[in-house]
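Protein chains in written order, with the numbering used here: chain A, 2 to 314; chain B, 212 to 416.
A few of these clues could be false.
As the list claims (entries may be wrong) - Calculated from the model, a selection of chain A residues having no Cβ within reach of chain B, i.e. all distances over 12 Å:
| # | residue |
| --- | --- |
| 1 | Ala40 |
| 2 | Tyr59 |
| 3 | Gly74 |
| 4 | Ser112 |
| 5 | Glu223 |
| 6 | Pro244 |
Stated by the list, open to error - Mimicking EDC-like on lysine to aspartate or glutamate, the simulated pairs with C-alpha atoms at most 16 Å apart in a straight line are:
| # | chain 1 | residue 1 | chain 2 | residue 2 |
| --- | --- | --- | --- | --- |
| 7 | A | Lys291 | A | Asp110 |
| 8 | B | Lys334 | A | Asp110 |
| 9 | A | Lys224 | A | Glu162 |
| 10 | B | Lys254 | A | Glu162 |
| 11 | B | Lys334 | A | Glu153 |
| 12 | B | Lys254 | B | Glu399 |
By construction, these hints were calculated from the structure, which means they are not laboratory data.
Keep in mind the model is a prediction, meaning the values are calculated, not measured.
Glycine is no exception: its CB is placed at the ideal position from the N, C-alpha and C atoms.
Now for the letters of each chain:
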Amino acid sequence: MTVTEAPARPNAAPEDRYYTYAYLDEQTKRMIRRAILKALAIPGYQVPFGSREMPVPYGWGTGGIQLTAAIIGPEDVYKCIDQGADDTTNAVSIRRFFATVADVATTEDTSEATIIQSRHRIPEQPLADGQIMVFQVPQPEPLRGLEPRETETRAMHAYAEYGLQYVSLYENISAYGRIAATAGYPVMIDERYLMSPSPIPKFDNPKMHMNPAILLFGAGREKRIYAVPPFTRVRSLDFEDYPFETQSWDEVCALCGANDSYLDEVVLDDKGQHMFVCSDSHYCADRREKGHAGPMAGHALAHIETEIAAEEV
Amino acid sequence: MNAPLNLAELRPGFSEPVGDSQSVFRALLTATAQPGTRVEVGKALAPPVGLNQAAAAVLLTLADQDTLVWLEPSLRGGAIESWLRFHTSCPLTDHAEEAAFAVVSHEGLAAQMLSGFNQGDAKYPDLATTVIVMMPDLEAGPNLVLEGPGIETIAEIAPQGLPESFWAERSDLVAHFQFGIDVMMCAEATLVSIPRTTRIQTKGE
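If we strip away everything but chain A, and leave its shape as in the complex, we get:
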């Protein structure tokens, strides 16, 4: 499997470029950069910013794209995933966008990337010092489902008044016997700010705690930026008698046999056939390459995936 594609540099010479480097104008980048630095200084706090119109609709990752555009440089190696996969439409489009407007090398290899933009997953491979994770966030406010008024949620954060969130988790337990939230599971950052980790599965929550990479979160429609610096305490809310738990599966990945990764269920026909596969496409492909095989190894789906990846180059 190719790890680093040669950068497409159609506009390498500055004089050939009819837009500014990395798409955003310099004043917008400065505004976003100032917001990022304040977000890092106040971990978990949502910094308002003047979100711009991007060449994709809100909901397609405009927050993440603006963050990436403000930090990216020609030396970066860029990876973009959508629900863990490098080869879905949204991920491919955004990756091509930055290869074009920022002249960067792109990769599917988690360990090679310096910037990883993600919609709703943290890669299985542990992040490293010096890497930056950029999350696309639809709803930055963890309390929004409980309190619709921004004026109120802002006050709740100001005074660390998070009782309502615990009541909501308690109601979950009384209704379902457990905390039923599976994605966007609320976390406490450095024991001060309640934060939505964007709708990553709660399976990924523990990966944020004391991790060595910089985590940046951007919500384009909601106009908020927030961040978790490296080596910061991230605690998923729970109760002593109902401790936080991540999802687990009875199955292993049908293609690579992994029993430690987040699995997606794929329906194969209308007769009830289905398979579970790694949501992290690079992790799965890498394992298969190294000789790991699951119960349905060699299934046609595995080949389709490689073909699409090859076509893109």
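Fit chain B to the given chain A structure using the hints.
Below, chain B without anything else, positioned relative to chain A:
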């Protein structure tokens, strides 16, 4: 109000504004995410006398018409002010409490209380001032041990020339987190960022 610019004596800013501000920002990102990390910024700059390279690089990268900048009184009215206004278009203020960025030398700190800067609002703590402190050296002063978000175990720095009361004053302010100031310490072309979350012990305490 503002003196007319003397363009004949104006020093240059970044030679490649887009690329230079991006690489300086990435250094600031690393420095702020990992307090205590020394980064090199503005090595190629020749800012006006009184402004060091790192402080100049931060201002060229982050200041613009949307940010009120407060300069220590001794830096006002001369080449630094003209240089800043020309390259960043930033408005200057006489009121430290309304500044987004403040530039002060280690000598100037004696006359300026840290509590005079904007500490942020309970609901908008991001409004707090970023204080850019210029000093002779970051390794020759008394040792400090840093802990907090961004630091795996501990980090050590040794900034030189700060008034004795500086760290006590800062720690009083940031004890009221989410309020507090964020400090960027600049010596020549080296910068260390100390956001308000960093806990500091002077060695031996």
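How the hints compare with the structure:
no., hint, in the structure
1, Ala40, "violated, 8 Å"
2, Tyr59, "holds, 23 Å"
3, Gly74, "violated, 5 Å"
4, Ser112, "holds, 19 Å"
5, Glu223, "holds, 16 Å"
6, Pro244, "holds, 24 Å"
7, Lys291/A <-> Asp110/A, "holds, 14 Å"
8, Lys334/B <-> Asp110/A, "violated, 40 Å"
9, Lys224/A <-> Glu162/A, "violated, 23 Å"
10, Lys254/B <-> Glu162/A, "violated, 46 Å"
11, Lys334/B <-> Glu153/A, "holds, 10 Å"
12, Lys254/B <-> Glu399/B, "holds, 8 Å"
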